[in-house]
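**Student:** Chains as they are written, first to last, in the working numbering: chain X, 1 to 218; chain S, 1 to 666; chain C, 1 to 317; chain L, 1 to 164.
Please note: incorrect hints may appear among the correct ones.
Heads up, incomplete: computed chain S residues facing chain C, CB under 7 Å, no partners named [to be verified]:
id: 1; residue: 393
id: 2; residue: 403
id: 3; residue: 432
id: 4; residue: 436
id: 5; residue: 440
id: 6; residue: 452
id: 7; residue: 531
id: 8; residue: 538
id: 9; residue: 539
id: 10; residue: 554
id: 11; residue: 556
id: 12; residue: 558
id: 13; residue: 562
id: 14; residue: 584
The following residues of chain S were derived to be distant from chain C, with all beta-carbon distances above 10 Å [said to hold, decoys possible]:
id: 15; residue: 148
id: 16; residue: 201
id: 17; residue: 604
id: 18; residue: 643
id: 19; residue: 653
Since the hints were made in silico from the structure, they are not lab data.
Backbone N, C-alpha and C define an ideal beta-carbon position, used for all residues, glycine too.
Letter by letter, the chains look like this.
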Amino acid sequence: MNAAYVAALQVGAGVVLFCAVMTLWRRGVRTIVSLLGVQGLALGAVALVLGLHERNAALLASGGLVVILKGVVIPGVLLRASRLDPLSRETRPLVNVPASLVAAAVLIVLSYVSSARLTSLAPSVATRLVPLGVATILVGYFMLVTRRRAVSKIVGLILVDNGIALVAYLLTSGVPFVVEMGSSIDVLLVVVVLQFLLLSMRRHSDVDALTERRELHD
Amino acid sequence: MVWYLLALAFGAAAALAGVVLPRHGRVAVSMALGASSCALALVASVQELVCGVAWTVHVTQLLPFSGVTLSLDPLAALFVALTAMVGLAACVYFLGYAHGPTASRSGVSVFMLFVLALLVVPAAANVMGFLFAWELMALSSLVLILSEQATRPRARSAALWYAAMTQAGAVSIVLGLLLVASSAPGQDFAQLAAGAAHLSAAQRSLAFALTLVGFASKAGAVPLHVWLPKAHPEAPSPVSALMSSSMVTMGVYGILRVGEGLLHGGNLWWWVAVAALGVLSAVYGSLHATTARDFKRLLAYSTIDVMGLVLTGVGAAGVLYDTGQREDARLALMASLLLLVAHAAFKGSLFLVAGSVERATGTRNLDRLGGLVHTMPTTTCLVVIGAAAIMALPTLSGFSSEWLLLQGLLHGFADSSTPAVIVMLLGVVALALTGGLGAVAFVKVVGIGFLGQARSEGAATAVEVSRWMRLAAGLLAVPSVVLGLAPGLVVNTLSRAASAALGVGAASPVARGTGLLLSHLSGDIAPLELLVAVVAVLAALLGANRALVQRRARRVAAWGCGREEQTPRMQYTATSFAEPLQRVFSDVLRPQTDVEVTHAVESRYFQESVTYSQHIADVVEVRSYRPLISLVMRLGEGARRLHNGSIHRYLAFGFVALLVVVVVLS
Amino acid sequence: MTTTLWSWTTSLLQVVIVGVGSLILIGFMAKVKARAEGRVGSPVTQPLRDVRKLLRKERLHAHHSSLVLPFAPMIITATAVVAVWISPLVGTHPVMVSGADIFVIVYLLLTGSVAAALAGLDAATAFGGMGSSRAMTIGALAEPALLVGVIALAIQSGSSNLAVIVASTLHNSDHAFGPVHLFALGALVIVVIAETGRIPVDNPATHLELTMVHEAMILEYAGPELALVTLGEAMRLGLLFSLVANLFFPWGVATSSSAAALALGVAALVAKLLVLALVVALIEVRSAKLRLFRLPELLAGAFALSVLAIVMGLVTR
Amino acid sequence: MRFRLRRRDGALRGLVRRPISERVTERPAQVAGVYLRGSLQLRHVDVGSCNGCEVEIASAFAPHYDAAQYGIRLVASPRHADGLLVTGVVTHNMEGPLRQTLAALAEPSVVVACGDCAVNGGIFSDAHAVVGTLSDYVTPDVTIVGCPPHPRDIVAALRSLGGR
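Just chain X, same shape as in the assembly (with noise of 0.2 Å):
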């Protein structure tokens, strides 16, 4: 049982970070958003594993709670609202794709520096883990400061708070259910703060580029 558990742990963490990644790479405003979705279940399989390794209910329900939220409903929110021009794509990011994902690869082996103290101090399987999430915190943070469609800023600050979460479960099992209820619920405002915000922006002048908006001062 516990090869699997360990097999199943590193997995999924490697599949968080592996989404972020994949969101530098692809333009495509969709897909983004699927690997989001992608991202969100791979988060809530490594809680659920923690949570029956540990048996801990709280941690099984937070869980729970991760997959529903990030795995299913904040993509679909976000979908619906890329759905208005389906062809919206990350045209011009600030930071040209081959030269963001070898930031990527930096930014992983800088969390896997930084964070080597961080592991030092226990050393256990999850523990060990921890640079992913630490990673997967600043690929998102670099995607939320180098796309310019509105909806990329939304999923790099969501990326963001996933590596945050990955990292809680990893290092101390999980915060207690009631802190992660706010943090996960506070996510869904943001984003449906920001998806009116995306809406009245594009009924009002057709372009969800944050950068454009700041010229057509009209």
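With chain X's structure known, arrange chains S, C and L on it following the hints.
**Tutor:** Relative to the frame of chain X, chains S, C and L by itself:
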């Protein structure tokens, strides 16, 4: 020891002959003396490497205060051997190359002084002796760069950059060495090493940083490399071959001597910095090598690339040594030393070939060359061997040294301390990227420069160069093949040199016949057997080809999609060959393209001519050196206002200074 | 003596299988693409017939070409044969397997592509230069991902020798499904498609000279030399496919030197090659050729994946 | 009404369903190129065609008639080809390229004249830019008549060149 002193005597005699003898016999006699001095030095250093008895001699009369101490331990012997090998070929090359200004009195004698200085630097074992040899090397190469300024317009500015940067480097080396010598009982390196224990950690780091700046600029590490692509193309070919093969390695020798010898390894972050410097230079050098148009400038950037890899190996060795893995540290250092020797051989041969091409066709610009395979067959074979070695194609010296470096890096991963892992990861990525880019650069050199049709009048009328020049380049191509096929023979002497550098015990045997067997790591290669296999299959294919195909090949016009005539301008040039890569890495290379459109007089809508010109400036130079220079110029302007010639102002300065001192002291 | 006899048979088997088999593999991929388009398509053994016919035709050399033109196909084929000869495809003990280091195989293949690029430049035509420039650029961009990806595997199994990697993956097979192998597999599939010039990177069946990458270098070859180049390129494809198959799915590779093990090894290799060829052919049917300057994105992605593989290796050690 | 693109037929489904190509089994009379058994590569040269023949040649290689099933293929360079598939009447500008392409073929080679223009000049034979027909430069081994010729005739003619 006697051989080595005899070699120095012959060198001095050669320099003297260069000055004294009349023009007719001068080149022949001094080159003969020079070649024999290099041969003697080679014998002395190989004898030292093989039987490993270090000797030290103190000669008081030469320098007024402290005299000169010469000592040859395995590490220094390796560098003397490397210099002697390239020096021998350069002297032979000089015989065929010398005409006009290079064969003048100063040209010949300063060339011999340069070779002499290069032989003395590794052997110098006291501070004054080392600095004297270092300055002699720098100044003689400066004079040699200027020796052909009549025909080379950019020689003067290149010499200016070269002088400024080498002297700045020399100053920082002097400061570093004085800092180390401050707590040492005497002047000799042995005493310095003993005295270094009393230095505080901060002082040792400062000393290492100062000497690192000086030696890294000499080794062409990136932020301090700007003089190298300027100085090497302008120097006469035998001189640039010597500069690129042995003078650049003196920087690595200095880092090893001061870092490991005097300061006993110091702390971990020194060597992480050296490795980072190496990775940066490797990637930056290979990028600029792929997009360079001038043959010698391409070779100069490729020197920066390989020196970067060597510095990465040295950095990795230092990190492994500090984290307690003596065995892997020696392996990484052996790999970088093998790469150093291999690079000296094939880079020297390539620079001599570049000189022959420039002499035969009158130009170094790859866009104007082409079709030399028909007119200069031997030179083409030599460039193919050199290019194959530098691209690390199997069974040549580049391949076995880069393989050994990869093994050293790989086994740093086994140890889990974070800085070691980062250095290994950076090293592996640099090795991979430079491998690919190096292949593009040297396919461009061979494919565009030597194959296809001649693209200019000079290339079309090229004729094979004199026997001496081809013999010299051939001499240097031999080690590229021998080191590649049988690294096992050389590796024991290398491990002795590496152990001497790291102060570690004798190495476990690594050679298995001619191949390399790394006992404690399950990885080995047998290049000789690999070459036998490839040659066997090639022979089989040739035999099958002869048997199967009866008709001889028919010569027809090349297929150009039905176009009538096929002009040389329709071929790809060096610029267009590297254009895709330049576009991919455009934000690193920052190419400046300017398009001038001259409109017709009648109306703006009709253009008479459009001229497009593109130039890849060295980003480091443009972004950091130019602003620095303009800042210094502005300061100069400000200072000029101070000198308005009134005596009262000058006295006032003296007075104010006195006041300040009084206030400060009270 | 027996071990050398078995290792010689393993190597000979490997050269025969990958030699003839890769031509049939290319025929099989063309057949899969045809059937996906609803066509019958040319028979699977068509490449063999083409090569046999080409051997009887006349050799043509351009006026300005030198000895590089006739010798390049031989170098391409010779390096491919030696690479197949020493790498662990059917069994883990072919001849000279001690030399089957990653670096040796990668740089043998690099020698082949350098020879092809020089042949392209030798004929002094615009298309030859264009083809070799693009092929070398793609090779330079794919090399970091290839080397770093395979080194991620080497770190996990402790040595850079291919046979040791295959044996150690075979030994603890939970590695094979670990994240390191998954990400390294992703990176290497992209690199193999780039090195062998399949669809997303370069279209082997194109007639438009300006879109060609690999085909442009061999426009000048006729008759026997073209046959040799086709054979050499096919063997490189076969080698890369079987290396990907054996490094990531090593089950079935003969470790002991018995006839049954060798037979199983051969069967396993053929099956894995067919499955991998089917996957690559379907990728080709589903996707169009990428623009030349969209390729750095693909190859940078492969590089990011391989770095991810190494870091996963460090994290899950 | 929102226009929804009909999902294309999946490639996988194509693998399992029976291909739609028309399979002609009886063997054609062997005309030339006996040694070409089962492998014929042609380089298509349009020396002045109105593109009618090209459309038919394209459909000859399309799924329905699928000339590739008999080992016939169009290639990019005359060096790789066993022969030329020439369409159209020889115009002034294309005379030079036709000679170049004929010279670039590796012996033994064949020439296929496709369409009336290539065979006897067709309806454009006396136009002002026309300098002659294909037979003035080389005697074609196989001629395919028709303006434009039916794909079945093209496939049959090419198969007679030693295709299976």
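**Student:** All hints, please: hold or fail.
**Tutor:** Here is how each hint holds up against the structure:
1. 393: This hint holds: residue 393 of chain S lies near chain C, its Cβ roughly 5 Å from the closest one there, short of 7 Å.
2. 403: 5 Å, holds
3. 432: 4 Å, holds
4. 436: Because about 3 Å separates residue 436 of chain S from the closest Cβ in chain C, which is inside the 7 Å limit, the hint holds.
5. 440: 5 Å, holds
6. 452: With a minimum Cβ separation of about 4 Å from chain C (threshold 7 Å), the hint on residue 452 of chain S holds.
7. 531: Hint on residue 531 of chain S: violated, closest Cβ of chain C at ~9 Å, above 7 Å.
8. 538: At 5 Å from the nearest chain C Cβ, residue 538 of chain S passes the 7 Å test, so the hint holds.
9. 539: 9 Å, violated
10. 554: At 6 Å from the nearest chain C Cβ, residue 554 of chain S passes the 7 Å test, so the hint holds.
11. 556: 5 Å, holds
12. 558: 4 Å, holds
13. 562: Violated, because the Cβ-Cβ distance from residue 562 of chain S to chain C comes to roughly 11 Å (cut-off 7 Å).
14. 584: 5 Å, holds
15. 148: Check passes; 31 Å lies beyond 10 Å.
16. 201: Fine: 30 Å to the nearest Cβ keeps residue 201 of chain S off the interface.
17. 604: 33 Å, holds
18. 643: 55 Å, holds
19. 653: 59 Å, holds
In this structure, the earlier hints numbered 7, 9, 13 are contradicted, and the remaining ones agree with it.
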